[in-house]
Amino acid sequence: MNQLTKVFDGHELKIVELENEPWFVAKDVCDILSISKYRDAVSRLDNDERGSVKVDTPGGLQQVSGVNEFGLYNLVLSSRKPEAKQFKRWITHEVIPSIRKTGSYELEQPKSQLEILQGAVNEIVSQDKRITNLEETMRIDGGQEFQIRSKANSVVIEALGGKESPAYKQLNRKAFSEFWREFKKHFSLPRYGDLPKKQFEDGLRFIGMWQPSTGLRIEIETTNDEGDLNERHKTTKN
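Everything in the sequence shown is counted per UniProt numbering, starting at 1 for the first residue and increasing by one.
Below, simulated DSS-like cross-link-like pairs (lysine-lysine); rule was C-alpha separation at most 30 Å, straight line:
id, residue 1, residue 2
1, 81, 14
2, 14, 88
3, 37, 14
4, 37, 54
5, 185, 129
6, 37, 6
7, 6, 85
8, 85, 27
9, 54, 14
Read the hints as simulated data drawn from the structure, not as lab findings.
Construct the entire structure; sequences and hints are all you get.
Set out below in structure tokens:
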């Protein structure tokens, strides 16, 4: 075995031979395990678990960071990705045994057009799952956060009777606190900026339909009525 490339869940994993042992390109491993700062992760490994390996690339032979079998297992343990266990099983049950037996990891070639087609279909399904997962986890962007906050400000201020109203001057903090508490509770969020992108329109709809609680509405009405009464008294005296 000199250099082999295997694909796991759409990600390439390059394997090279170093002193008769398989070594794995560290960045490939970390990409599969969703470890973003791979250099930091590799630096935490013991010296005998990491090193430099040479790999063939379109630009020629390059020296890159690599990990041996023990280093790979420690990277797996540091990953929070649910698929990490599946990746480790694939390495321990398929890749490593095959390398030790034959000196290489050979992909089984499709025996028919049907198998080729099925492989393509499986890859499309896998990509669709990754896209769906991305859509499920994506949060609203900065522009959408601005729209959410702007509309919320308008709705709460209107409920208070406008910025010049006595209720706004006395109860604006209480009203905004109630609104954001209800918004986050409705969508089960720690903060409004964590609203999933797919629920952005639902967020705007919630804001448009929001009203203060009965108790707060009574406070707003009472405060504004008292303010109007005070203004009339001032006008009468003048």
